[in-house]
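Sequences are here, hints too, so could you generate the full structure?
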Amino acid sequence: MILEVENLNVFRDGSHILRNVSLEVKKGEMVCLVGRNGAGKTTLLRTIMGYIKPKSGTIKFLGRNITGHSPHEVSILGIGYSPDDLKIFPSLSVEENIELPLITRKYNKFMVKEGLDYIYSVFPVLQSYKNKPGTHISGGERRMLAIARALVTRPSLILLDEPFEGLAPIMRSRLGDRLKVLMEQGLTLFLTSSNLYGIPEGANRIYCIERGEIIYHGNLKEMLSDKQVKEVFGLI
Amino acid sequence: MKKILSGNLFFTLILIALLALVPYIAPPFYVYLTLTSLAYIPVVIGFNILFGYTGLLSFGHGLFLALGMYTTAFLMRNYTMENLEVLILASALSAFIVGLGVGYICVKYTRIYFALLTLAFGMVFYTLLIKFTPITGGDEGLRITFKPLLLGLDFRYLPHLDFLFQPYYYYVLGIVIILTVLAYIIVSSHFGLSLKAIKENSEKAEALGINIKRFRLYSFVISAIYTSIGGALLAHITSHVTPIFSYWTTSGEIVFMTLLGGFTNFFGPIIGVFVYTLLRDFIMSTIIYWRILFGAALLLIIIFVPGGISEGLIRIYKHFKGA
Amino acid sequence: MALLEPSTITILVLTGIFSSSIIFLISAGLQIVFGIQRILNLTVGSFYAIGAYVGITFINFFLKMGFSVVYGLLFLILAGLSLSFLGPTIERGVLNFVYKKEEAFQLLATFGLVLIFEDMIKLIWGSYPQISDFGILTYGEFRFLDTSFPVYYFLVIISAFLIAFLLEFFIKKTRQGKKMRSVADDIEMSEGLGVKVRNIYILSFTIGTVLGTLAGALIIPVTAAVLGMGIEAIVLAFAVVVIAGLGSMRGALLASLIVGLLQAFITFIFPELTTFVIYLIVIAVLLIKPTGLMGKEI
Amino acid sequence: MEIGKPKPKKISKEAFPEILKERMSRREALSTGAKIGIAAAIAAIVAGVGGYFGGVSTAPTRVATQTITQPAQTITQEAQTITQTVIKTETLAAQTVTQTITQPAQTITVTQIITGTPAKVPVPSEPLRFGVMGFQTGSFAPASIAGMNAARIWADWVNQAGGILGRKVELIFEDETGPVDVRKERFTKLTVEKKVDAIIGTTATSTGLAFGPLAEQLQQIWISWDATTQQGLEETLPNPTYAFKSINNEAESVAGAVLTARFFPDIRTVAGINDDYSYGRNNLEAFMAILKRFNPKVELVKELWPKPEGTDYTSEIATLKATKADLIHSSFWSGHATIFIRQANAVGLFKDSKAALVTAGGVLPTLKKDFTPEGLLIGCNSWYFLEPRGWPLREAFVNEYVKRYNEFPVYECDHAFFSFQAYKAAVERAYEIKGSWPTKEEIAKQLTQVTVPSLSGYRSFREDHVMLTSFWQGLSKHSPDYDFIILDPVISVPPEKLQPPPGMKFHDWVKTWA
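Residue numbers (the working numbering), protein chains in the order written: chain A, 15 to 250; chain B, 9 to 331; chain C, 6 to 303; chain D, 117 to 630.
A few of these clues could be false.
Subject to a maximum C-alpha distance of 25 Å in a straight line, what follows is the list of computed DSS-like cross-link-like pairs (lysine-lysine) [stated by the list, open to error]:
1) C/K127 with C/K69
2) C/K69 with B/K207
3) D/K621 with B/K139
By construction, these hints were calculated from the structure, which means they are not laboratory data.
Given the structure is predicted, the values throughout are model-derived calculations rather than measurements.
Right under this line is the structure:
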């Protein structure tokens with residue numbers, strides 16, 4: 015078991031944002047969390063990363079309790095994170111953006127080189143822009159860059175917040191292909207989507223979240239026939 | 009709610025009564041300190057309308073303090089203006105004009121930029137005061153050589169301290185009460201609530217149809233007028249005005265008083281003024297390295313009780329009530 | 006009297022650049038802390054003053070020990086660097102508690118520190134101006150167009166440019182520099198990628214401290230250390246960072262040159278305006294381009 | 117229009133009153149009106165009643181101060197002889213410079229002659245308290261602190277000798293730093309709270325302007341060391357009773373101009389660098405006015421006015437260097453002088469220009485040989501502590517000072533010492549006349565009547581309460597005995613050459629110069 019979340023409760027400014035959320039991600043799985051905007055997806059990811067301290071509940075990563083750990087500890091322990099707003103560093107070049115997680119882990123020169131080569135093999139397009147400032151590339155490439163940053167250390171788990179949001183259909187399928195390749199290499203993915211189309215084909219399991227509560231857990235097919243889910247996504 | 013209000017009113021009345029008794033019960037020097045503090049009350053209330061209610065930190069409020077003082081001294085010297093009421097109105101008017109001009113430029117910016125800009129304006133005014141010797145008396149400043157008429161009454165036969173401790177004291181107390189009540193009405197009005205809304209979330213406030221810049225400007229001008237009136241009252245106590253009152257250290261002192269008392273509470277700054285004046289007197293007479301204590305006090309307040317003394321008192325009150 | 010003879014221009018330009026180098030070091034200290042921690046660190050003025058006082062104590066001690074004056078510059082640099090311990094102490098001891106507070110409070114916290122340092126200096130060194138035994142003419146003089154300049158001026162200018170270059174190199178090329186830039190851009194994301202922000206804060210504040218103390222140590226052969234020198238320096242550095250744009254290192258270099266040269270020329274041509282001009286430029290810059298010449302949009 | 121309708125956005129001037137009525141609901145209007153009304157009423161009552169009682173209660177208490185008729189002056193013989201043998205002057209050839217040669221007094225005990233005479237009414241037993249004010253921080257502090265140190269030494273000496281008429285003396289120190297209102301607050305505190313017998317000290321001109329009138333208002337004896345410009349005080353203090361002023365600010369430059377004409381007769385161009393406040397401006401003006409009397413061709417080519425709180429003169433010195441004037445005039449005192457000389461020497465300013473640094477001697481021990489060249493005209497104000505002629509009191513004091521504070525004393529010590537000595541002598545004299553402990557007014561009256569030994573020789577107050585003193589100035593010289601410069605030759609300019617006689621304006625006085 016890679017990630018276990020149990021009875022998580024999160025409050026912000028007095029409102030209850032996550033209510034008793036429990037979920038789990040197994041090794042080699044691709045798990046998708048789907049829910050409307052404001053349902054609590056980003057808050058959940060940020061809580062896992064340690065940006066937000068939960069009021070109660072536990073988060074376990076590789077069997078180890080990481081509740082209340084600070085983000086950089088969580089990151090070093092082996093969770094890659096790509097936020098929904100990407101947060102590419104404008105002062106760093108594309109290559110430096112990719113390097114950063116390696117540097118923070120004190121990798122030596124050769125390991126850094128190896129990491130970069132790996133990323134350029136997955137996202138060849140990034141290599142051609144490697145000396146450009148991180149923000150001077152197109153939206154799709156930036157999305158790739160954000161994922162590359164999460165990926166470069168080969169973490170045990172990658173959290174992708176709405177990876178397909180705002181991408182052109184062609185980029186979307188290209189990114190989907192890349193993720194599939196990564197899955198084949200044995201990665202574990204936990205991603206979110208705000209609509210049903212954003213759920214990639216290879217998703218093993220799906221959680222649906224609404225108003226901070228998990229209202230469904232299962233596979234995609236069954237989910238589409240679930241009454242609550244249908245209501246939420248206006249399929250009725 | 010009603011209960012709290014009546015409680016507040018009760019305490020306020022007791023406080024006023026105490027202040028009214030001060031000249032009769034306190035040793036002369038403490039009457040002097042109380043009087044100085046009273047004159048500073050409009051200054052900090054004005055500052056807090058801008059800082060506590062609108063969220064704009066001015067690091068150049070000394071400008072308006074000096075403006076009020078210089079207006080008073082200038083009119084008294086050059087036009088032998090005697091009526092204190094006229095002098096106060098004139099100070100308010102000059103603050104209105106200057107505040108409108110400076111404010112118009114400053115309110116376009118917020119946060120650190122606002123602080124820097126007001127600081128620069130304060131320093132420019134300071135340099136102007138030093139350079140325009142024929143009007144401002146340069147670094148020597150202007151002296152006020154005679155006592156003003158209070159409500160048209162002539163108290164000039166009184167010796168200096170007797171004049172300050174009796175008629176002038178009560179006059180200042182009266183003015184301060186009026187100004188405080190007015191400020192209270194202002195901040196609890198629709199206007200005051202709009203200011204708070206701007207401070208909390210300016211985008212939301214704009215969406216609600218509040219013209220942010222205009223409201224900030226109003227707040228700036230009101231603040232300037234209050235500070236200037238404080239200066240006009242202070243001028244007769246010091247009877248000597250110098251450019252130092254527009255120097256950034258004076259502006260810093262105003263900020264410190266407000267923080268000390270607590271900017272989140274309407275009455276906080278008023279407490280701050282009294283505590284600051286007494287504390288300064290105590291520390292300065294005790295050790296010569298008083299800056300260390302002041303700096304440390306500032307740090308402790310910021311770190312532990314950003315709401316200042318008033319917040320501390322409320323915490324203690326709640327603690328005992330809760331227990 | 007001809008208004009600007011060649012020798013006059015030489016004097017003014019050289020002096021201007023010399024002042025600029027010192028101003029640059031101080032304002033660079035402000036910039037690096039503002040860039041990373043988003044705090045306008047008034048304390049850098051106090052560091053400048055402490056650097057000067059400690060520099061004097063240091064150099065007088067070494068000269069008494071019998072070291073040759075030729076090593077003077079080295080001792081000064083040593084003095085500046087030795088004060089780096091102040092950085093982590095203050096960052097952890099004070100600033101650590103105000104990061105989450107409003108900007109105004111952060112500014113006031115550093116103001117409180119300035120007050121404390123001002124009296125600490127008085128407590129340790131007294132209120133007489135302190136003077137080092139290290140004379141400015143130790144390194145000789147340089148003659149040019151019937152005027153002369155101490156070689157030390159050039160050494161300071163070179164040191165400042167060297168430090169500027171090293172800083173640029175550090176920030177652009179080294180791993181710590183990359184981490185610093187990432188933190189300056191986005192603290193949360195850096196954390197999420199494993200950057201230990203606390204360490205970066207300590208590092209940047211320490212660099213800011215050392216820049217201040219170095220500036221103070223380098224100035225002492227030229228002048229005496231007096232109470233209030235820190236506050237005067239901070240006012241000037243303040244103007245520089247506003248003109249430069251908060252957080253911009255190259256802007257600081259450019260703005261220090263502008264301020265230093267302008268001061269030299271204005272003093273010569275319109276002496277009465279000297280005190281005004283800097284503030285007027287600050288106001289003008291804030292009105293026309295509030296983010297400064299090279300500042301990032303915030 | 118209905119009541120409670122949403123308020124209109126814009127209000128024209130004409131429609132204002134109606135709209136105002138409609139805008140507020142009746143209830144709101146009532147409550148607001150009531151609030152304002154109540155507040156105004158309370159305020160008016162408080163102000164009125166308080167003011168009335170205040171006026172009434174204090175008015176009748178005004179009782180004419182009891183005046184004590186003074187018996188004929190009964191000073192002892194010795195005292196009279198002292199007043200007469202003070203200064204012998206010797207006119208120097210064409211330059212009209214006078215050199216003072218003072219008779220060395222025997223010991224400090226000279227003024228204690230009167231102590232021995234029996235008193236009719238016993239003196240109070242509690243100690244005499246003095247408020248001592250000076251800058252304890254900032255760049256003006258060095259002079260002030262020296263003065264305060266001298267006060268401590270004086271107090272210890274007097275206490276060891278049994279005090280003033282048997283009363284021990286006690287010093288209460290207050291900081292002069294801060295805005296004027298805070299300084300006045302400290303003065304008031306010393307007077308009404310600490311009930312000190314006199315306030316002695318003060319350095320800044322702005323302090324002097326504020327304290328002069330305050331001293332009169334509070335009827336408190338105030339003896340200033342340094343804090344007076346005559347311009348300001350003529351207006352505010354025409355006829356002082358309690359305030360005692362220091363010598364004119366510009367006296368240093370008057371002396372400086374005289375000696376400049378003597379030492380540097382060939383100069384044609386002058387550049388001035390002075391602090392941007394009245395002290396600095398008065399000094400340059402006086403310097404040029406007097407110098408022109410000696411040498412009408414002299415021209416002022418550059419005036420620099422750095423800000424008083426500044427501590428860096430790099431740009432100003434570059435300008436001075438570029439100006440290439442024959443002479444630099446500066447009235448920098450305290451730490452500013454040290455910094456200026458050091459920075460100026462660093463770029464070789466004194467190689468090209470002579471300099472008249474009329475107050476730099478105030479920090480003489482900080483003017484080290486390695487950055488202060490020989491041949492600069494340096495003024496030491498009223499006291500040059502290394503002056504060659506013998507004067508036991510000075511020697512004793514310098515030794516004591518160096519022993520206690522491990523540094524050399526400067527001129528402010530002399531002002532301080534004189535102020536206290538004068539007060540002591542005045543008390544003793546008044547007591548002698550009256551036969552019981554004198555009032556502040558009586559002491560103040562006697563202050564202008566006494567001549568006392570100070571560190572620089574015998575000194576006194578003029579009848580208009582202005583300190584009289586000679587000024588010591590000379591050329592800097594390196595001596596193997598000290599690590600700082602000494603003055604050689606050193607010349608003293610007597611009081612009557614330093615400031616106009618009472619009642620005369622400075623410019624009218626300058627015209628009387630031959």
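So, going through the hints one by one against the coordinates:
Only pairs whose Cα atoms come within 25 Å are accepted, and C/K127 paired with C/K69 is accepted, the gap being roughly 24 Å. Pair hint C/K69 plus B/K207 does not hold up; C-alpha atoms about 59 Å apart against a cutoff of 25 Å. Under the criterion of a C-alpha separation no larger than 25 Å, the hint pairing D/K621 with B/K139 is consistent with the structure, at around 24 Å.
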